[in-house]
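Enquirer: Please build the complete structure, drawing on both the sequences and the hints.
Quick note: the first sequence uses numbering that gives the first Met the number 0, first residue 0, plus one each step.
Please keep in mind that the hints were generated in silico from the structure rather than gathered at the bench. Mixed in with the good hints there might be a few duds.
[To be verified] No farther apart than 30 Å at their CA atoms in a straight line, the calculated lysine-lysine pairs in the DSS-like style are these:
no., residue 1, residue 2
1, 33, 209
2, 22, 48
3, 55, 73
4, 209, 474
5, 33, 55
[As the list claims (entries may be wrong)] With beta-carbon atoms standing in for the labels, derived distance ranges:
no., residue 1, residue 2, range
6, 39, 215, 33 to 39 Å
7, 134, 323, 55 to 61 Å
8, 84, 385, 55 to 61 Å
Where a beta carbon is used, it is the ideal one built from N, C-alpha and C, also for glycine.
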Amino acid sequence: MSNNKALPKRSEDYSGWYNELVKKADLAEHSSIKGCMVIKPYGFTVWEKMRDTLDKMFKDTGHVNAYFPLFIPKSYLSKEASHVEGFAKECAVVTHYRLKNAPDGSGVIVDPEAKLEEELIVRPTSETVIWNTYRNWIQSYRDLPLLINQWANVVRWEMRTRLFLRTAEFLWQEGHTAHATAQEAVEETVQMLNVYAEFAEKHMAMPVIKGVKTANERFAGAVDTYCIEALMQDGKALQAGTSHFLGQNFAKAFDVRFTTKEGKQDLVWGTSWGVSTRLMGALIMAHSDDDGLVLPPNLAPIQVVIVPIYRSDEEMNAVNAKAAEIAQQLRKASISVKHDSRDTHKPGFKFAEWELKGVPLRIAIGPKDLENNTVEVARRDTKTKEIIGMNSIYDYVPKMLDTIHDSIYQRAKNFRDSMITRVDSYEEFKQVLDTKGGFISAHWDGTGETEERIKAETKATIRCIPLDNPQEEGKCILTGKPSKERVLFARAY
RNA sequence: CGGAGUGUAGCGCAGCCCGGUUAGCGCGCCACGUUCGGGACGUGGAGGCCGGAGGUUCGAAUCCUCUCACUCCGACCA
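Expert: Shown next as structure tokens:
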């Protein structure tokens with residue numbers, strides 16, 4: 000850990016606060032490789048919890064896991080025209096398969112003899128390699144639907160990266176499903192969007208808006224892109240997950256056909272959906288404060304930390320014995336507990352460290368508590384403390400963890416709701432964007448040109464057209480042309 | 001790819017303009033003692049090819065040339 004004890008203040012240097020927090024809370028750090036991060040054990044544990052929870056949700060909705068190759072032949076990528084166009088600018092390309100000693104002894108060089116016949120792309124996403132495989136797996140309507148997910152790493156050679164939010168290599172899951180009908184594929188797309196939204200709200204305690212992307216913001220190769228959009232504390236939006244209805248685009252590109260019940264040949268309908276380690280960034284920014292991380296109980300590697308307080312060895316032994324007993328009892332209730340019995344750090348140091356790392360609940364036990372049969376319980380989210388009877392811990396802790404979840408969710412939701420502003424003129428739009436930020440609900444004439452112009456002039460993009468959007472007559476804030484509904488604009492990560 | 005920075009101890013930095021004993025400081029680390037209910041203190045100690053290569057010079061962390069890397073701000077994007 001670095002020496003500066005305090006983080007930058009969010010109000011003074013939001014992005015400095017974020018970067019320092021990620022590093023100081025031991026979540027991740029920059030590696031020596033440009034744009035790539037090392038996810039440290041504490042951060043990886045959070046990701047594992049996300050992964051395990053999502054994995055179960057996928058399986059509960061009928062999906063199975065599989066694994067497809069890291070390398071994609073260049074020719075595959077170019078089969079779907081808009082897909083390759085979308086990803087071409089950020090591909091890592093493998094051109095050779097061997098190194099050799101440099102003739103001048105200066106080290107190793109790429110062996111020019113070992114040039115690949117066809118270059119391999121390090122996958123930026125796996126639609127192409129997967130649909131190429133699906134061609135062989137699907138012959139009949141009886142083979143459908145095919146509901147497959149993979150957990151993988153992907154590479155997108157971004158010009159500019161940020162820990163968790165945008166790294167050159169990232170971890171994610173990508174679901175790829177194949178269906179006999181368009182309707183079924185759309186239902187799958189929406190179902191998975193709902194899975195993501197449920198995960199965000201129930202596990203990350205992060206409210207999200209479900210919506211559809213405009214044509215400009217659509218995934219390369221999709222017919223429709225659905226998304227969940229979250230709002231960060233600095234008023235910028237973050238796309239937290241996407242679910243795509245691919246139509247028959249990839250089936251067409253890879254010639255994936257099936258025989259229908261009626262004996263006719265038809266192209267398969269597809270979906271794909273994904274969330275990535277970017278969710279870690281969302282999680283960090285959704286709840287944390289100037290003292291450090293605030294983790295939702297469902298994803299916290301440590302839900303309860305017990306800090307013993309003592310002076311003499313006798314006190315230490317007595318207090319630690321009690322702490323160990325409490326830890327054991329709580330673990331029986333499936334609560335993840337850390338009994339911080341390190342004799343090398345003082346309580347105050349431990350308090351600060353576990354706050355920085357976002358542990359939702361802290362129990363402190365000292366000689367006074369042993370005497371009074373009490374413990375001190377402190378909430379990370381509100382920084383409030385109370386003294387409770389030793390015997391009520393086992394009721395108290397699980398309930399309080401639920402309370403903390405609800406409380407941070409509600410706080411985030413209140414903030415998010417307060418940051419949705421309705422505007423009816425372009426002037427007002429620009430003013431809100433610069434002074435307040437957040438989502439702006441405004442009328443738009445539905446054209447890509449208008450969207451582009453607004454983006455060029457204000458850096459705001461249409462985050463989504465909310466799913467349950469009320470229909471309402473109005474005029475486009477830029478062109479004044481008629482509009483049937485409001486859409487959500489924001490500056491985004 | 002444009003702009004701005006930074007590479008000196010594990011981390012954060014000073015020193016560089018104006019070349020000159022043994023390269024400093026804070027944190028961290030190690031030892032011992034006192035401490036321990038909100039980031040303890042004292043004493044002692046360990047730790048450096050000053051990003052790399054070349055040059056100028058009696059002498060380079062410092063000046064010159066070249067290079068490599070990373071960070072931040074833009075354009076691009078999950």
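Enquirer: Checking each numbered hint in turn, tell me which of them this model violates, lowest number first.
Expert: Those not satisfied are hints 1, 3, 5.
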